[in-house]
Amino acid sequence: MHHVVLDRWSRGRSLLHARDARVKIVALLALLIALATAPAGAHLALAGYLALLIGAVLLAGLPLLPVLWRAAFVLPFSATFAVVSWLSGDAPRAASLVEKSYVSALSVLLVIATTSLPQLMRGLEALRVPRLLVLVIQFVYRYLFVISEEAQHMALASRCRAPVRAGARNWKARFRAAAGALAVLFARSYRRAEGIESAMAARGFSGHFPSFAESRLRTGDFVFLAAALSVTLAVRLGAAL
Amino acid sequence: MHIPDGFLSTPVWASLDLAAVPAVGYFARKARSDIEESRIPLLGVMGAFVFAAQMINFPVGLGTSGHLLGGALLACLLGPASAAIVMTAILVIQALVFQDGGILALGANVLNMAVIGVLAGYLPYRLFGAGRRKKLALFAGGLLSVMASALAALAQLAVSGVPIRPSLAGVSLVLFFVSGVVEGVITVAVAQAVENLNPGWLARAEASWKPGVAFFGGLAIALASLGVLIASQAPDGIGKILEQVGIASHPAGLLAAPLAGYEVSWLPGGWLRKAMAGLAGLVAAGLACLALGRFLARRRSA
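Residue numbers (numbering that gives the first Met the number 0), protein chains in the order written: chain H, 0 to 240; chain R, 0 to 301.
Since the hints were made in silico from the structure, they are not lab data. A portion of the hints provided could be inaccurate.
Selected chain R positions facing chain H (Cβ under 8 Å, derived; list incomplete) [to be verified]: (1) ASP4; (2) PHE6; (3) GLY24; (4) PRO40; (5) PHE48; (6) ILE89; (7) ILE92; (8) GLY101; (9) PRO162; (10) VAL173; (11) ALA188.
Examples of chain R residues toward chain H, derived with CB under 10 Å [said to hold, decoys possible]: (12) SER8; (13) ARG28; (14) LEU41; (15) LEU156; (16) ILE185; (17) ASN195.
Fair warning: this is a prediction, and the values are worked out from it, not measured in the lab. Cβ coordinates follow ideal geometry from the N, Cα and C atoms, glycine included.
Could you put the whole structure together from the sequences, leaning on the hints where they help?
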């Protein structure tokens, strides 16, 4: 499935994987801000960033084409609005919407593909994101696929018991069945949460995930941050000239 | 409607990010006091439930199907503060893992769906969800939640200068209304079925009529719809709006102070100067909001 790919990518070993999550987050934000504030006609700057990101993907040892393809998930939404802009005679904006959203998505993907989600969340917590939110994000991610699979099992089971008869006459019954299925899914999720709560309480969960990784920033992190920030600024300023 | 990066203009995403930070902080603190420490996994599992629930298709007639979005349902199940945190967590995961929505646009998406969507979904339930009109309240919650989030997103896009013509805005309004009705019907059906399983799961609605809540809720919804109306008439962005309400005719008095002309004179370069000045203004506004919030909180606890 989908998620397994990202998890596998983020477990690689490379210069980028080894960097601390905090510096990657700061560098990502700087790049995103540089992209967002670039004027609509700045194709050169965007091409520069794209080239840099492709270089970084290769440096991280990630497969280039799958990464580029995944970042293209953003394009259907962008393309819709690009067509709207183009039809109303604003061609530069149409191009800029597509370019900017794609390069931004690629840069986010590069960070999430070289950082595991727990590391990233620890970085966010260190950057003062509320701890409750960070915990909830981690729980959602952990149980997302568990509950989704449960939903798929339920859908499969219901198809086995009662083959779907499409048609205007019985859509009401199917609607009620779908609502009932969701209620059952809710009940199961609720009970699962109770089980998780008591299991975690039994293991001494105190509202905090302990971390065994070292949290000190190393020289390499500072070098990376300085390099990323200066390159980002240089490309942005260079293209503005 | 998840807005990706690159769509919103800098003043829009920056100010919405700055507005979202205290809002999420407030809801996190509120949710923390609402639930016990040991119940945190429940919030996460509920987020996973909403994710999974979006995969179950509901037939809505004419051969089409819709699915739950979940803001209103979560608000009625967990209470608004916890629901807002769960929706925020979902949006963060969608932005990071599924490339659905941007990072700089996260503030906009969080405000639209996790704050406005959840509060608009909870408002009718809070106002008249206790009595016989519970079904109606749940339906109105689903409808309002979708309409309010979609309108807010559309207004932000329009103010950012994405050209949205009145005809397009009309078509989207009809589409939003239809998906809002679908959300309302699904919310009622699922809430009813959940209550049949265990009556205690639905958060108890307040029995008393709260005029203050009604007033501010109504005001917020009115402002949101007004915003989209103005924005759809002014596709060229915020400048036209200012012109319409007559601010642009005397900008020196209203907009120039205290950061004259949005420029910092000792910095070289056009865009950098403007960006720095704008950023400074936003930080100042954010600090003012923070100070006001602290002040109000202290007065309430005193």
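Hints, one by one, checked against the model:
no. : hint   : in the structure
1   : ASP4   : holds, 3 Å
2   : PHE6   : holds, 6 Å
3   : GLY24  : holds, 6 Å
4   : PRO40  : holds, 4 Å
5   : PHE48  : holds, 4 Å
6   : ILE89  : holds, 6 Å
7   : ILE92  : holds, 6 Å
8   : GLY101 : holds, 6 Å
9   : PRO162 : holds, 4 Å
10  : VAL173 : violated, 16 Å
11  : ALA188 : holds, 3 Å
12  : SER8   : holds, 9 Å
13  : ARG28  : holds, 8 Å
14  : LEU41  : holds, 4 Å
15  : LEU156 : holds, 8 Å
16  : ILE185 : holds, 7 Å
17  : ASN195 : holds, 7 Å
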